[in-house]
Amino acid sequence: MTIKPLLDANAELTSGGAPGEPIVMSSRIRLARNLDGRAFPGWAKKAQRREILSACEKAVAQLPQMQNGTVLRLDDLSELERQVLVERHLISRELSQGEPSAGVIISRDQACSIMINEEDHLRIQVLRTGHGFDDIWKVIEAIDNRLETLLDFAFTAQLGYLTACPTNLGTGMRASVMLHLPGLVMANHMEKVIRAVNQMGMVVRGLFGEGSDATGSIFQISNQQTLGESEQEIIARLEHEAIGSIIEQEKNARALLLESKPEKIRDKIGRAYGILQNGHLLSSAEAMSHLSLLRLGIDCGFIAESWRGPIDRLLIEMQPGHIQLAAHESIESDMRDTARARLLREETRRIPPLDFET
Amino acid sequence: MGESLVCDICGKLATVHLTQIINNQIQKVDLCEECAQQKGVTDPEGFSLADFMAKNIEATAGPDAVAGSSLVCPSCGCTPRDFKRTGRLGCPECYEAFDSLIKPMLKNMHRGDHHTGKVPHELLHRVGLRKAINRLQDQLAHAVEQEKYEDAARYRDELDQLKSQSQPEPPAR
Ligand SMILES: [Zn+2]
Ligand SMILES: [Zn+2]
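Protein sequence lines, in the order shown, are assigned to chains A and B.
According to the numbering used here, the first sequence is numbered sequentially starting from 2.
According to the numbering used here, the second sequence is numbered sequentially starting from 677.
If we strip away everything but chain A, and leave its shape as in the complex, we get (with noise of 0.2 Å):
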């Protein structure tokens, strides 16, 4: 199995990083870059793929940052080991869809990756734990101005970095955060949230069934626009305008609900420990829905702070490649809620009865 190593590793998003906070889980960057005078992955034909795989790969490997890295060609990991890839947010599903000649190389620590023959020749990553950009701009501003000096990049003075896409061209950079919102689900707030933020020019992404809670109420929130403003600004607003209300709106709509529904409230995280302790059949959509009670439960105090890493581990490994992974093959989906609900039995089993009087 091409990626045991990787999944053994301490890695920045399962173990390896300094614990999630409150509400934000973690932050990343990424930067699009593309080499001048070459097709666009989309449009390159085959052997031009794999020249620019070639030539990117022999790039990145001369990046002091990526030593002691895991080179992967995506031809030769199966659908499963791809998918494992994506639930990690080591590579994006676009890439993992299979076109030939595409590739990603992955830090010793898995905080970065890059991804080469995506939507652009080199989409880089680089994701914490927490809240924070300015650690992250630093190291992915070093990694760009390594390759920069071993790759032409296609770039003018006008656009800026050019992409296959226009969406992405200027600074081709994407700030995003996952944050974790219940508060705001419940409180039926989320809509309004996201139109207010979509006024900044900025995404909010994820799930939102109605009534239902199928995504455990995490959203990404990442800058829409990438050019016009230097990446300084992007991330400045992103941060000031949006996250920050947004933690603001996300905090006070927890203090309404702890104060006007404390039972509602105690009741939900009570089950979702109860059920996760003793479910048989846990589908992904459930799953983490009551991982994501649990999470608030840590925030209320109901539960030890130090338990916040094993649950976004658990947010990660509980989803359907994991699950089949570390069933050694492919199982039908009632075959992984069932292995689901042993692995959530096991792993919340040590988790000490909730504390609701603090």
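Worth double-checking, as some hints may not be accurate.
Said to hold, decoys possible - The following label-pair restraints were derived from C-beta to C-beta distances:
1) B:Pro750 x A:Lys59: 56 to 62 Å
2) B:His797 x A:Glu58: 23 to 29 Å
3) A:Ala158 x B:Gln815: 21 to 27 Å
4) A:Ser246 x B:Glu772: 39 to 45 Å
5) B:Lys783 x A:Gly38: 23 to 29 Å
6) A:Gly99 x B:Lys807: 35 to 41 Å
7) B:Lys688 x A:Lys252: 55 to 61 Å
As the list claims (entries may be wrong) - Reference excerpt, derived from the structure (chain A facing chain B, CB under 7 Å, subset only):
8) Phe156
9) Gly245
10) Ser246
Rather than coming from a laboratory, the hints here were simulated on the basis of the structure.
All values reported here derive from a predicted model rather than from experimental measurement.
The beta carbon of each residue, even a glycine, is placed where N, CA and C say it ideally should be.
Chain A is fixed; fit chain B with the ligands onto it per the hints.
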């Protein structure tokens, strides 16, 4: 809400309902579990509703922008029709070839129509130097051909100077 919904892709019963805002409009998509899995809606980064919607260049660049266009990118052969179909350009030079189409789109899409962010100075210097060297080499060859040896000597000196500043060819080319 409440109506029985079918999957927008395959028509089976939809169990996943997704809402995103694209260009200030709330767009809803209903998917069955299979298609949701396939489209990666559980992975927020990987999914964009924009992929579901026809790429609409006409709206910004005028109704004839695509149909009446005879534009072709000289470098990669991509046409505005290809761009509309895929939402992606063929190569970096397409931006120059389709300038008249893309410019009007940028104003709606972004906060401005020119780059104010990071500039790759080392890269621009390196590429500029390489172009200058190529130009001088052409001039030198031309001068030799015309037997203008004084000019040729001057070009050679300039060339030597530029080459001393330049690094070996980058590995990517
Ligand atoms: Zn379907
Ligand atoms: Zn082109």
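Item to complete: Kindly indicate which numbered hints from before are broken by the structure, ordering the numbers from low to high.
Response: 1, 7, 9, 10
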